[in-house]
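Build the full structure now, drawing on both the sequences and the hints.
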Amino acid sequence: MADCKDLCQRLGSDDTDVLRDAAYEAGESGCVEAVGHLARLLCSRNLGVQEAADRALRKIGGKEVVAAVKPLLRSDDAPTRNASMDILRAVGVQDFPTLIELLHDADPDIRIFASDILGSTDSRLAVAPLCEALLKDHEVNVRYQAAVSLGELAFADASSCLGKAMEDDEWVQFAVIEALAKIRDASSVGALVKALDRSSDLVASMIVDALGEIGNIKAVTMLLKRMDASPEVLRNKIVKAVVRILGGKALSLLSAAERERFREYLLAALADDEEDVQDAAVSGLGSVGGEAAATAVLAHAARIDRDRHPERYEHAVAAMREMGLTEALGRALREGGDARRMVALDVLAALPCAACSGLLMDAFADLPEEMRPAAAHALAAIAGEEAAAFFLELLGGDDEALLLEAVSFLGGKLRLPAAGEAVFALLGHPSAAVTEAALDACVAIGGEGLDARFREMFASDEPMERLMAVYALGKMGVRDHMDVIRSALSDEVPDIRKIALEALAEMCGHEEEGLPLIVAGLSDENRDVRLAVVELLGGCDSDKIYPYLEQALSDTDDWVRIRALEALGNRGERDAVPRLLELAGEPSKLVALKAVEVLGEIGGPAAFEGLLRLGAGDDPELVAAVEAAIARLRDEQGER
Amino acid sequence: MTSLFSKTISLRKDLKISDAEFAQLRDFIYAQSGIFVADNRKYLVENRLATRLKELNLKSFSEYHAYLQYDAGRRQELNRLFEVITTNETSFYRNPPQLKVFQDMVLKDVLDKQRAARQKRLRIWSAGCSTGEEPYTIAIILHEVLRTELSTWDIRITANDLSEAVLAQAREGVYTDYSLRTTPKEIVARYFTPDGANFRIKPEVKRLVAFGQINLSDRMMLKRVERSHIVFCRNVIIYFDDEMKKNVIAAFYDNLLPGGQLLIGHSESLHNISRAFRPKHYPGAIIYGKEE
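Heads up: the sequence lines are chains A and B, in that order. Per our numbering: the first sequence = residues 1 to 640. Per our numbering: the second sequence = residues 1 to 292.
Don't read these hints as lab results, they were simulated from the structure. Treat the hints loosely; a few may be bogus.
[Stated by the list, open to error] SDA-like, lysine to any residue: derived pairs with alpha carbons at most 20 Å apart:
1. 59(B) to 505(A)
2. 54(B) to 493(A)
3. 182(A) to 195(A)
4. 280(B) to 47(A)
5. 223(B) to 21(A)
6. 182(A) to 216(A)
7. 589(A) to 259(B)
8. 59(B) to 566(A)
9. 100(B) to 176(B)
10. 589(A) to 618(A)
11. 120(B) to 259(B)
12. 246(B) to 47(A)
13. 63(A) to 47(A)
14. 246(B) to 18(A)
15. 225(A) to 178(A)
16. 54(B) to 80(B)
17. 589(A) to 18(B)
18. 280(B) to 259(B)
19. 59(A) to 76(A)
20. 59(B) to 433(A)
21. 59(B) to 569(A)
22. 164(A) to 203(A)
23. 413(A) to 456(A)
24. 54(B) to 502(A)
25. 54(B) to 59(A)
26. 246(B) to 413(A)
27. 59(A) to 272(B)
28. 202(B) to 176(B)
29. 42(B) to 18(B)
30. 589(A) to 190(B)
See the structure below:
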């Protein structure tokens with residue numbers, strides 16, 4: 001820690017490097033005695049020194065800093081004044097009375113600064129003095145700044161005084177409306193609505209936006225009444241506010257005549273220049289529905305740049321779905337350009353209905369080639385057996401994206417035996433993605449025919465083929481293919497041994513057959529295989545595996561031991577406690593920390609006593625882990 | 001043979017980073033390097049590290065955090081982590097308009113002043129030099145400007161980076177044509193020798209640059225760097241939070257000799273970071289100057 005006296009002395013140096021260093025150290029060490037020197041250096045002509053003093057004062061903070069910086073607000077030098085403002089914004093809250101005092105200063109500039117600083121305090125205590133300034137100060141810029149600051153603070157207590165200030169100059173009204181919109185308090189709706197009738201178009205537009213932000217239903221009737229008499233721009237803003245307040249669903253509760261009138265306004269608002277007005281119109285049209293609305297929203301969605309505005313595009317697509325299957329969708333698929341077709345496909349991809357599947361299949365052949373994968377994807381998402389023949393035909397093609405859709409639909413969704421042979425043939429496809437999808441589909445389809453094909457495949461010299469065969473046969477019924485799994489356990493390729501072990505998971509409790517095969521893997525030369533064994537044992541619901549987990553605790557690899565520890569913890573093996581206590585003294589920190597954590601998990605008197613002993617050790621990280629484990633035990637004890 | 005699993009089944013388990021794990025890893029990275037990984041990069045970190053976790057057979061990002069702290073391979077892993085979270089996207093003659101300003105204005109000004117003071121001595125610091133393209137580019141420009149006069153000057157370009165792995169590549173000085181994609185052909189011909197399909201930087205360029213590892217969050221380490229006439233720190237502070245940016249920029253200020261100049265990346269700014277420098281606007285570049 002730097003010596004404060006020495007720092008003060010260095011802060012009197014002529015050398016800028018010395019000054020910067022001393023200022024830095026004063027800030028880091030919180031040297032309050034240096035505050036006066038630092039405030040003086042804030043006025044330095046050397047920017048580097050000024051900046052160093054600025055940082056140090058912020059770091060030190062407190063009443064002393066506020067008191068030392070306050071006079072600099074009156075400086076004629078703009079950089080000094082700005083720096084002092086910034087510092088007081090950051091630390092002014094630490095001396096509130098001084099800020100309040102500044103709010104009553106004779107100099108209006110100081111009162112503006114004080115109002116500004118109070119807005120950064122994030123303190124409810126600032127509301128009353130700012131309200132007083134807003135309603136009583138004779139200088140308009142002070143009142144304006146007070147309103148801005150009340151908005152920054154956004155405490156609901158300010159709503160009442162802001163409402164009263166709606167009678168003030170238009171200049172102040174702007175700040176007041178913005179503040180009320182930020183506060184979003186329902187009690188301010190009355191004052192805003194009341195002001196609507198006597199406001200200029202500009203202020204009225206701000207009020208409408210604010211009412212939309214506040215979102216109180218009381219404003220809706222008034223806004224609807226105002227709509228017919230308003231110019232187009234304001235009317236569109238009212239549309240936005242009403243949609244925002246009511247939400248889509250409630251719009252359908254409007255009377256038929258009101259709904260029809262509102263639909264017309266919504267369609268007009270869709271052409272507004274502002275994107276948030278367009279988005280609100282989309283929401284509203286999605287709720288009120290109808291062919292005209294569907295056609296307009298679809299055309300609108302097609303114009304959106306989906307890379308730049310994905311959320312706006314999704315919003316429009318969601319509105320289209322809300323309207324259901326419309327003529328507009330069919331028309332877009334048949335006659336539309338690429339953009340409109342894509343919108344229709346995106347809409348249909350989550351619109352399950354028989355007519356929708358039919359629409360997609362009918363349109364498929366006439367779609368441009370690059371759009372067919374999206375069409376197949378949409379169809380696969382919504383269709384059932386009616387699309388089987390369609391996708392079987394796709395299996396004969398060579399387009400990777402179409403193949404993936406077909407394989408996943410026929411295998412994953414329909415599990416169609418008739419597709420088995422064609423899907424199996426794709427296991428030799430050059431694309432890894434197609435191969436993987438085909439493998440999963442084969443497993444899902446299953447049956448004797450595929451069973452025989454995979455057994456044949458296991459005899460291959462190609463490791464990838466053997467691996468796929470072991471994976472599939474294990475998934476299709478390990479007990480029926482034990483000969484293959486046994487053989488795979490001694491395959492030269494470690495990953496195949498691993499897959500064979502994973503296949504045996506369901507037989508881990510089988511003492512004669514499954515378990516001996518699995519635990520033999522604990523002696524495997526490959527660390528990943530041993531890890532797989534331990535993980536498998538950890539997930540096994542059998543009382544016979546404890547000795548093997550204990551054996552794994554002596555593995556040469558830390559992570560094998562860690563997985564064994566986790567497994568013992570999950571099983572709550574209290575017999576393991578003495579061994580765990582030994583491991584908690586291991587040189588490997590990873591193993592020691594895990595052993596401590598597991599002791600806390602298993603619990604019991606022996607673990608608790610052992611942890612208490614370990615807690616007296618020298619290693620701070622281990623001691624912290626022991627404390628966490630003991631806390632856990634205490635919590636669990638308390639819960640009981 | 002690469003693991004069959006890289007192509008098949010086991011990789012399907014998706015590793016997701018929880019908010020708590022992200023915060024834990026972010027704090028660790030910050031403490032180690034001063035690099036602040038913003039919240040909006042959470043999924044980028046998840047994507048880039050998920051494969052690594054699978055290679056290490058780890059189940060979660062909190063295990064990876066433990067691995068980084070305690071595993072025997074933690075040092076190498078830390079370097080890998082730094083490579084993942086920083087892009088190291090660089091090339092020779094990156095941002096030509098800025099380099100033109102450097103050559104025609106900044107360098108000319110410093111050289112003239114040094115000549116006038118009869119001190120033919122020049123110190124340049126390339127902080128965050130990645131695989132060496134930036135400091136070597138500066139060295140090439142010095143050759144181009146000083147030509148035969150260069151031998152009469154005492155010049156040193158100090159080039160630092162956080163990652164030992166990239167520094168090893170920088171010292172090697174061998175580059176693919178991709179690194180030279182923005183370099184004029186005649187410069188390649190003059191300062192590189194073909195090395196198979198690659199290009200090797202010539203010894204007379206290499207001689208001007210001294211590489212070393214540095215952690216920009218370590219104030220004392222920064223204080224030990226020899227004071228410079230010019231500091232380059234381009235596309236580095238984007239990785240830092242405001243506090244760290246302020247510390248690093250303050251360290252550059254302290255390192256610069258009076259009248260020294262700082263060059264940062266064209267998308268970076270000192271706005272709200274430092275008021276100590278005087279920005280000078282040129283076409284295509286802003287140069288930050290320290291007072292005389």
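We went through each hint and held it up to the structure:
no.	hint	result
1	59(B) to 505(A)	18 Å, holds
2	54(B) to 493(A)	18 Å, holds
3	182(A) to 195(A)	18 Å, holds
4	280(B) to 47(A)	15 Å, holds
5	223(B) to 21(A)	11 Å, holds
6	182(A) to 216(A)	14 Å, holds
7	589(A) to 259(B)	51 Å, violated
8	59(B) to 566(A)	12 Å, holds
9	100(B) to 176(B)	24 Å, violated
10	589(A) to 618(A)	13 Å, holds
11	120(B) to 259(B)	16 Å, holds
12	246(B) to 47(A)	14 Å, holds
13	63(A) to 47(A)	25 Å, violated
14	246(B) to 18(A)	19 Å, holds
15	225(A) to 178(A)	23 Å, violated
16	54(B) to 80(B)	14 Å, holds
17	589(A) to 18(B)	24 Å, violated
18	280(B) to 259(B)	12 Å, holds
19	59(A) to 76(A)	25 Å, violated
20	59(B) to 433(A)	24 Å, violated
21	59(B) to 569(A)	16 Å, holds
22	164(A) to 203(A)	16 Å, holds
23	413(A) to 456(A)	26 Å, violated
24	54(B) to 502(A)	17 Å, holds
25	54(B) to 59(A)	43 Å, violated
26	246(B) to 413(A)	57 Å, violated
27	59(A) to 272(B)	16 Å, holds
28	202(B) to 176(B)	15 Å, holds
29	42(B) to 18(B)	9 Å, holds
30	589(A) to 190(B)	54 Å, violated
The structure is inconsistent with the numbered hints 7, 9, 13, 15, 17, 19, 20, 23, 25, 26, 30, although it conforms to all the rest.
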